[in-house]
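Protein chains in written order, with the working numbering: chain E, 1 to 272; chain W, 1 to 272; chain Y, 1 to 272.
Treat the hints as calculated values from the structure; they're not laboratory data.
Source: prediction; values computed, not measured.
One should not assume that every hint holds.
If several chains are the same, the list does not tell them apart, and a pair holds so long as it fits within one copy or across any two.
[Unchecked claim] Using 20 angstroms as the maximum straight-line C-alpha spacing, the simulated SDA-like pairs for lysine to any residue come out as follows:
no. : residue 1 : residue 2
1   : LYS263    : GLY145
2   : LYS188    : GLY227
3   : LYS263    : HIS57
4   : LYS188    : ARG76
5   : LYS188    : LEU156
6   : LYS263    : ASP193
7   : LYS188    : ARG167
8   : LYS263    : PRO180
9   : LYS69     : GLU238
10  : LYS263    : GLN221
11  : LYS69     : ARG163
12  : LYS263    : GLY220
13  : LYS69     : ALA189
14  : LYS69     : PRO260
15  : LYS69     : ASP104
16  : LYS188    : MET62
17  : LYS188    : PRO198
18  : LYS188    : ALA201
One letter stands for each residue in the lines below.
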Amino acid sequence: MAARPVRNVTHSRRLLLTAIALLLTACASTEKGSTSMKRSPAMTSDAAAAVSPALAHNTDAMLFGEVWKRPGLSPRDRSLVTVAVLIARGQTAEMAAQFNLALDNGVTPLELSETLNHLAFYSGWGNAAAALPIAGEVFTARNIGAEQLAPVAPSLLPLDQAREADRVERVNAAVGSVAPGLVEFTTKALFRDLWLRPGLAPRDRSLITVSSLVANGQTGQVGYHLGRAMDNGLSQTEAAEMITQLAFYAGWPNAFSAVPVFKEVFSQRAPG
Amino acid sequence: MAARPVRNVTHSRRLLLTAIALLLTACASTEKGSTSMKRSPAMTSDAAAAVSPALAHNTDAMLFGEVWKRPGLSPRDRSLVTVAVLIARGQTAEMAAQFNLALDNGVTPLELSETLNHLAFYSGWGNAAAALPIAGEVFTARNIGAEQLAPVAPSLLPLDQAREADRVERVNAAVGSVAPGLVEFTTKALFRDLWLRPGLAPRDRSLITVSSLVANGQTGQVGYHLGRAMDNGLSQTEAAEMITQLAFYAGWPNAFSAVPVFKEVFSQRAPG
Amino acid sequence: MAARPVRNVTHSRRLLLTAIALLLTACASTEKGSTSMKRSPAMTSDAAAAVSPALAHNTDAMLFGEVWKRPGLSPRDRSLVTVAVLIARGQTAEMAAQFNLALDNGVTPLELSETLNHLAFYSGWGNAAAALPIAGEVFTARNIGAEQLAPVAPSLLPLDQAREADRVERVNAAVGSVAPGLVEFTTKALFRDLWLRPGLAPRDRSLITVSSLVANGQTGQVGYHLGRAMDNGLSQTEAAEMITQLAFYAGWPNAFSAVPVFKEVFSQRAPG
Chain E
1 MAARPVRNVT HSRRLLLTAI ALLLTACAST EKGSTSMKRS PAMTSDAAAA VSPALAHNTD
61 AMLFGEVWKR PGLSPRDRSL VTVAVLIARG QTAEMAAQFN LALDNGVTPL ELSETLNHLA
121 FYSGWGNAAA ALPIAGEVFT ARNIGAEQLA PVAPSLLPLD QAREADRVER VNAAVGSVAP
181 GLVEFTTKAL FRDLWLRPGL APRDRSLITV SSLVANGQTG QVGYHLGRAM DNGLSQTEAA
241 EMITQLAFYA GWPNAFSAVP VFKEVFSQRA PG
Chain W
1 MAARPVRNVT HSRRLLLTAI ALLLTACAST EKGSTSMKRS PAMTSDAAAA VSPALAHNTD
61 AMLFGEVWKR PGLSPRDRSL VTVAVLIARG QTAEMAAQFN LALDNGVTPL ELSETLNHLA
121 FYSGWGNAAA ALPIAGEVFT ARNIGAEQLA PVAPSLLPLD QAREADRVER VNAAVGSVAP
181 GLVEFTTKAL FRDLWLRPGL APRDRSLITV SSLVANGQTG QVGYHLGRAM DNGLSQTEAA
241 EMITQLAFYA GWPNAFSAVP VFKEVFSQRA PG
Chain Y
1 MAARPVRNVT HSRRLLLTAI ALLLTACAST EKGSTSMKRS PAMTSDAAAA VSPALAHNTD
61 AMLFGEVWKR PGLSPRDRSL VTVAVLIARG QTAEMAAQFN LALDNGVTPL ELSETLNHLA
121 FYSGWGNAAA ALPIAGEVFT ARNIGAEQLA PVAPSLLPLD QAREADRVER VNAAVGSVAP
181 GLVEFTTKAL FRDLWLRPGL APRDRSLITV SSLVANGQTG QVGYHLGRAM DNGLSQTEAA
241 EMITQLAFYA GWPNAFSAVP VFKEVFSQRA PG
């Protein structure tokens, strides 16, 4: 065994492969023109099958053949869930494909744009920074311009005064004496701006927030946000299907860790 | 201080460096031929030493000089643990080197292939997607073809009916009323297919599952899977060394968080 | 909906864009010379604004316009916190910009070098491996040579015998019977070497350790290390501002999860 695996040589080989690919791609693109932007499932299937035929099969037949088509949660909502997981975990490899799929599934450019801004707060600036240039390429390729995005300061949705007062009281009690700066930005940046921006419905903001929390194992805060999601219109059937979608994209353990919290929220809201 | 750090300029510089590197690599590779695939520890050591001589030394002298050589867990098993951590955390930088090291250490291409498929379920599809092309390059460079991989539907290992009945009962009670879809795929995709695929022994599937759980701080599910790992043949000595290996690759805090769970499992299984 | 999103075509397109960018950059760099290394906020703002004007605004006006300028925690310390988050979460996209900003803010090359070595232990080797080449490029561009870094074995800071005896007792009790190897390396590699290296002050090692723990939701170990940080000189005001900085870079949920632990540590240390 060598003293240590070597990155440089591997990296050099990848650079060489890149150089070859650049030439091939340039030629191919010249011939194919805009068709090079279309999806070609066979290519990816071949690439995946060369490493794991079972994984390629599971992806094609089970994940896209069954899970994405299940009733109970629309393809559009599944895309929001999936995109939120990728951003929240910084999984750049699938972002371009999933951003495109989200737009194909009916997520609007404005909604995708707002999702990035929302998850900068809920999963950290570094994750948004990684997603930005990839979304930028997708937008450019689809001729999505600034006129389809929201301005910095749109007319905000009305504030639910009662719910906000309750939230302020809870946060002040829990955080006020510990981190006044956190309280300040939570109020002014999140609950009196971000959540009131009209470009993404509150129900959808809740959907991506819960997805982000589950994706990072942050179960302690799932209860509050799942309750909010259901207040905002997410049905129990949709929430249940959300867990199934999350199992595939955030991994089984994160889905299973979230189940007891979902169960508790469901039972608290059960009639009678 | 500038209003904001700028990615574009830095990125541009990296593109230029890449262009130069492509040319240099192309020339070098022409001369060196296949020798360019061999490891050259000195190069990486130099690169690491230019940033942190201590880290380069710790990697060479302590991690590869001591930890990987410790008795109690074979280099092959240490590779499975390490590869599982990288995939489960989406750490692509070290993947090519560690995939190669795993194959050198006796992990078969089939086992590595099954590891990717297994961790798609246990750490999320996006992580498998990031690892796939890197594994594909490694396989291509080593002339590993489809004939060394498992078919989509091999003859499965026999199902342990008693253990499966117990698992179904537990999952139904915990998840059944909350997310029926999750229950369905847990049964058909995981425990009546994935875990029974013969390409990776149940004991090794447990090894990578526990590694993935520890790597992501998912301690709540470590107990069940560590017990399963020991049922499947992992010794207590091996489990103890696994924590040491995980400390280096998943970080000290994740290793320490897992210790109480390991301790509990060890004590439950202690004779007497 | 296609059977599966396709990475290859997207990847090919990115390679083509890369080829074009390489040419454009090479030309531009030839004209601009060394000025290409300077920051040009407008460029990044434009790129971000093309995807999310709100996110670009939040980054410029709120994060860099307000948060980074808040009293209570110096820009230099905010850089240490931020860099620790990026390394601990493997967020490579922002690393070059933030490493440069850290050096501009007064973090020395030696301190940044020690930060990487420190976080290899506290967040895992794969994260350090991802950060190393990026730091290497930054060092090269700024002509930072080996003479500014610490040797492998510098004269160590004196060991606090009482605190170390207490730590050894606690770790032996908790870990000794479970994972002897972990105990061994915790003592010799961490507490009798890493923490005593003079290139990064103990207070700063605590700062990045706590940041790394919060960034990965490892709240169980925040209490011990925050107490150590305050023993090592971190003020309560600084700790409070640290949470605010972490909210933006590690995401709101991780900051909120850490608040109760900070509150408990603050109250235990309160006079009277």
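A quick look at each hint next to the structure:
{"no.": "1", "hint": "LYS263 / GLY145", "in the structure": "neither (42 angstroms within a copy, 46 angstroms between copies)"}
{"no.": "2", "hint": "LYS188 / GLY227", "in the structure": "neither (22 angstroms within a copy, 31 angstroms between copies)"}
{"no.": "3", "hint": "LYS263 / HIS57", "in the structure": "neither (32 angstroms within a copy, 39 angstroms between copies)"}
{"no.": "4", "hint": "LYS188 / ARG76", "in the structure": "neither (30 angstroms within a copy, 26 angstroms between copies)"}
{"no.": "5", "hint": "LYS188 / LEU156", "in the structure": "within (13 angstroms within a copy, 46 angstroms between copies)"}
{"no.": "6", "hint": "LYS263 / ASP193", "in the structure": "neither (31 angstroms within a copy, 27 angstroms between copies)"}
{"no.": "7", "hint": "LYS188 / ARG167", "in the structure": "within (13 angstroms within a copy, 42 angstroms between copies)"}
{"no.": "8", "hint": "LYS263 / PRO180", "in the structure": "between (34 angstroms within a copy, 12 angstroms between copies)"}
{"no.": "9", "hint": "LYS69 / GLU238", "in the structure": "within (13 angstroms within a copy, 43 angstroms between copies)"}
{"no.": "10", "hint": "LYS263 / GLN221", "in the structure": "both (14 angstroms within a copy, 18 angstroms between copies)"}
{"no.": "11", "hint": "LYS69 / ARG163", "in the structure": "neither (36 angstroms within a copy, 32 angstroms between copies)"}
{"no.": "12", "hint": "LYS263 / GLY220", "in the structure": "both (14 angstroms within a copy, 17 angstroms between copies)"}
{"no.": "13", "hint": "LYS69 / ALA189", "in the structure": "between (37 angstroms within a copy, 17 angstroms between copies)"}
{"no.": "14", "hint": "LYS69 / PRO260", "in the structure": "neither (25 angstroms within a copy, 42 angstroms between copies)"}
{"no.": "15", "hint": "LYS69 / ASP104", "in the structure": "within (15 angstroms within a copy, 42 angstroms between copies)"}
{"no.": "16", "hint": "LYS188 / MET62", "in the structure": "between (44 angstroms within a copy, 11 angstroms between copies)"}
{"no.": "17", "hint": "LYS188 / PRO198", "in the structure": "within (16 angstroms within a copy, 41 angstroms between copies)"}
{"no.": "18", "hint": "LYS188 / ALA201", "in the structure": "within (19 angstroms within a copy, 36 angstroms between copies)"}
Hint violations for this structure: numbers 1, 2, 3, 4, 6, 11 and 14, all remaining hints satisfied.
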